[in-house]
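One letter stands for each residue in the lines below.
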Amino acid sequence: MSEVLANPLAARDHARRMAGTVVEAMPVLPPIADDLPEEASPADLLWEETIAAGGYATRRLARGARLRLIDVQGDACASLLLFNAEMPTERLNVADTVKIQWNAYIGAGKLLLSDMGRVLMSITEDSAGTHDTFCGASNAATNGAKYGDGSNSGPHPNGRDRLLLGAAKHGLTRRDVHPCVNLFKGTRIEADGTITPLVGPYEPGRSVILRAEMDVIAVIANCPHVLDPRADWTVTPLRATAWRGPVTPAHDAIRNATPEGLRAFENVDDYYRR
Amino acid sequence: MSVDPHLSGLTGTILHDVTVPARAPWLHHVAAGQTLRIVDLEGNQAVDFLLYSAADDAERYSAQDTVAAQGNLFLRQGTVLRSNEGRAMMTIAATSVEYHDTIGGACSCESNTLRYGHHTKAQHACVENFLEANLAEGRGKRDMVSNINFFMNVPVEADGSLGIVDGISAPGLTVDLKAEMDVVVVVSNCPQINNPCNAFNPTPVRMIVAG
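These protein sequence lines map, in sequence, to chains X and F.
First residue of the first sequence? That's 1 in full-length UniProt numbering, and the numbers climb one at a time after it.
First residue of the second sequence? That's 1 in full-length UniProt numbering, and the numbers climb one at a time after it.
Keep in mind the hints are simulated off the structure, nothing from the lab.
Below 30 angstroms or equal to it, Euclidean Cα-Cα: the simulated DSS-like pairs (lysine-lysine) are: (1) F:Lys178 to F:Lys141; (2) X:Lys146 to F:Lys178; (3) F:Lys121 to F:Lys141; (4) F:Lys141 to X:Lys169; (5) X:Lys146 to X:Lys169.
Note that the coordinates shown come from a computational prediction; the quantities given were computed from them, not determined experimentally.
Construct all of the structure, not just a fragment, from the sequences and the given hints.
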């Protein structure tokens, strides 16, 4: 038996020698990002993490915070769940999101709405344009059928099981994993209802910036889109950066873009009137 | 002896047969192998519909898994209604309406404030019905997910525009659902009066279980 296996102090030294190791997919603590937009100060950085291909991450974000997701290599798929952080029974409602905005496709200027008539996050910038509100995440059955295995412990993790683990880190359970939206991988709906997946791969560096309109819990899984037609399980890392920002002011263009959206913001104002 | 046209084609014993009043909820357990027929008695009535596995109600209908598995948004004859675990819960065995919706969700007091204005907040809504029925069996708000709207029409245009438009249903049209597992069916006979889903006039529907 080697020393590191038999001797607890040797095991400790072995563990400690790992300090400072840098890998592709990891959080940076404290957060550092050298490519923040002008309006963001490095002092306001909240989160910098690269989410592995097949991985997940979750974060509580305060009202006003910005979340930037970057599809670093062009083949990420960010399946996103959102909850009201102080009352997680309120969560993203994909049906209300598309119905209330009278449109199925999300992008810059669109709102992600809760089931309580409020806006959880708005999309302030989007250089991707290929997103999906319809298909949700892959699951163990779909990945098992396509790739032979879809388990968390195997080589082809599925989106739903990743979202379940992320939600569980906030004390949430299977009942709480609701329909999600997929960012970076899109769908187009044909006249007969056929769903055409738009999976690229795309040029590296496409990004989406979301603004928290309430205190939210975001859970993000980065697994291949459920309708990805490629035979091989294919996905690349996803970068997440968040920074503090001001609560959306009354004159904000997105807030005032539609009467339905404005009422969603007014319902948020009402919720925080304490 | 008069023949009830709404029972035509159903096989086995009629186990349950009830008319759900306009605007009301309905909950019923349907065993694997049984068939649930929904009759749109007066036409243009949206029937908001959720499903839970009777054995484990954290497994429930998933609109996203259902449409992804068939690669199409519309629910037609042959569509398998899938759970959040990807399993078959029910199959649309027959339908006299070409297709049904599963992207439009359910109306709620809260979403009504966005779609129509705060003057509609006090109106009855499908989520109220879903909650009332589910609470009777210990489920609650966390158990609310995207539902099916039988007899409702939500086309998606090329630019992504969508909206609830005139129903494609008519009086006496039906949909037959065969249970693939033991399920709990929760229905809201939609009370919405602010859009065309019920032709601005909610009406009763009939629920028949045979097997």
